[in-house]
Amino acid sequence: MFFHSLKYELKVGLRNKELIMWLMIFPVVLGTFFKIAFGNIYNSETVSTIPVAVVENVENEVFDAVMTGIAESEEPLFKAEYTDADSAAELLEKGDISGIIYVDADGLTMGVSETDGVEPSIIESFIRQYTARETVIKAAAEKNPMNISAAVEAMEIGEDINSNIPLTDGNTDPYIQYFYNLIAMVGLFGSLTGLHIAIENQANLSVTGARNNVSPVNKLTKIIASLLGSCLAQAVCVIISTSYIAFVLGIDFGSRLPLVYLSGILGGCVGVSMGFFVGSIGSMGVGAKAGILMSVSMVGCALSGLMVGDIKATVSEHAPIINKINPAAVISDSFYCLNLYSDYDKYIEKIVTMLIIIVIFTVGGFLMTRRKKYASL
Amino acid sequence: MAETVVKIENLVKRYKDLIAVDHLCLDIREGEIFGLLGPNGSGKTTTINCLLSLLDFDKGEIEIFGKKMTPVSYDIKRNIGVVMQNVAVFNELNVRENIDYFCGLYIKDKEKRRQCVDDAIKFVGLEEFTKFFPKKLSGGLLRRLNIACGIAHKPKLIIFDEPTVAVDPQSRNNILEGIQKLNREGATVIYTSHYMEEVEQLCSRIVIMDKGKKIAEGSKEQLKKMIKNTETVEIEISDVPESTMNRLRELPHVYEAGCNENKLEIKCSGGKHNLVRILGVLQDDNLNFGRVYSELPTLNDVFLEITGKELRDKD
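Those protein sequences? They're chains A and B, same order as listed.
In terms of our numbering, the first sequence opens at residue 1 and continues consecutively.
In terms of our numbering, the second sequence opens at residue 378 and continues consecutively.
Just so you know, these hints were derived from the structure itself, not from any lab.
This list has only true hints and no planted wrong ones.
To give a feel for the contact side, a few chain B residues facing chain A, derived at Cβ under 7 Å: (1) Leu431; (2) Pro448; (3) Lys454; (4) Val459; (5) Ala465; (6) Phe467; (7) Gly481; (8) Leu482.
If you want the ones that stay clear, here's a sample from chain B, every Cβ over 10 Å from chain A, calculated: (9) Asn417; (10) Lys531; (11) Lys533; (12) Glu619; (13) Ser620; (14) Thr621; (15) Pro629; (16) Leu652; (17) Phe666.
No more than 25 Å apart at the CA atoms, straight line, and that leaves these computed lysine-lysine pairs for DSS-like: (18) Lys487(B) - Lys7(A); (19) Lys11(A) - Lys485(B); (20) Lys508(B) - Lys7(A); (21) Lys384(B) - Lys373(A).
Keep in mind the model is a prediction, meaning the values are calculated, not measured.
Think of the CB as a built atom: it goes at the ideal place given N, C-alpha and C, for glycine as much as any other residue.
In isolation and in its complexed conformation, chain A is listed as follows (with noise of 0.2 Å):
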């Protein structure tokens, strides 16, 4: 009987239009468009070797030593072009540079022509900090020359300071978080097979619930086995999200990829769970609860930075226990784990808070069908 039910379960899943539509078409549709519209800008801030301009109006030696060592460097920041102030400004005109460095007796400062994008930020923080630290660099220099070398690694370091340390090979760019909550939006849209377990099973919401009482089933049997097959047909539909992502779009999840899977089916089990929950609750039609669900997946995505990326820092700053809590957020949280740390004690204690969320939705929602006998059909 459990199997039985379990294999009409998935093929109802499997052939569900409206739960196709919203977990494997949607997602796939979602993710091309995050692709073409975060990609380039991504891209952007993949920054190569910068062209620039040297107008030395007077000579600094110190200078001339950070340049070389940049020059030197395996992936130089800049490649300079010593020049007079004219041929500088044609350079710039003709776009062959992206800025000037003006070297004159009272320091560095430098000409753009545009002041908005990534490279003359760059230009404008490295002459920040060469400013900042000249005297460090000079004072070392006048003790022992030799020692001019590890200041200028010093000030390469300091460039890397604002950018993340990865701490494992993973990719921490802030723009994959945008992915991790379209995977765990996929989870959680799951929320609609669980929600289609609860009305099926019982029979004041549903005639296929009213039959499915009178027969002679155990009713934690069968909504067990439509919970399971429910949480399988949703793993299909998020190896098939996540592979589409992670192989057709080639959207880098790091080496843990079977971890970001494990951690999107369990997404997909918080969500059906969670549909089964709200759907046992009172007598409300299928309409206002399935309204009721997507509101708050959509409210829990948006809360975990789907649609403002930096939403969720902003959470987590004023109101953490809301993080800990969204079902989005613990599952966004999870592939962020994987690329993050390098061990998985972050990792597990999110899996753990899913599972949690997993049992407490499950028995909650089963509490509320069990019951036997209703007062009204």
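Knowing the structure of chain A, use the given hints to seat chain B on it.
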């Protein structure tokens, strides 16, 4: 006397201030087609839902196959088939899969189930539609699928709750013939309807319900004997003088006579040769008349006479 299959004693079901089922007692015997007849809202479906342990009730006892019916009476439920008023199938499963799914809730053995599903498909005449999904079926075919899902496991007791609502006449006849066939094959049938013609055609014993109460019980012949009217004579005639009307009213066994819209209607209670005597009066008074009808009482007449209202609105 046949064994009692269903016994309902003193059943009361209230929805707040409304009494949906009012101290109802029923005794349904093995092998009969038992009709539960009443207008919409009379308590038929509520009674069935209480019987199936879907609905909680305020008072009363329900026994099926000699055992108290509860929601976990799986041994009883295994022998009950239900054909719901509304179609209860999955749109994502085809005809065969739907029947197999519901049959599988009752029968574990795959081989036995396959045979039962085949039999059910044949029984409702859906052999050509086994791969069809419900949305591709017409209303009549969908009803047949609904029936197949309810009876595939070959239950001893089958409950049909208004199975012919919104069904075309041809499909209706198929359904009614099918029910008779199931009964001939040994199933006890409970049939609820507000269509008196169907109940009259099918049922060996009938209970008429109104406002949650049982107002009459018996075979159709017994029910008809409960009322005064035994024959209604209708004659197409243009005008009947009052003197003739008085002579007609004075005839033996005539208890009501009236003329309306070129139609003379005379109701008789018992007696023989009523029609001959009525036509004799018209001939004596040299009145010309057209077509003549003589009708025996229907269950609607029974309901009308007991409650003072029609059993259902005229379609």
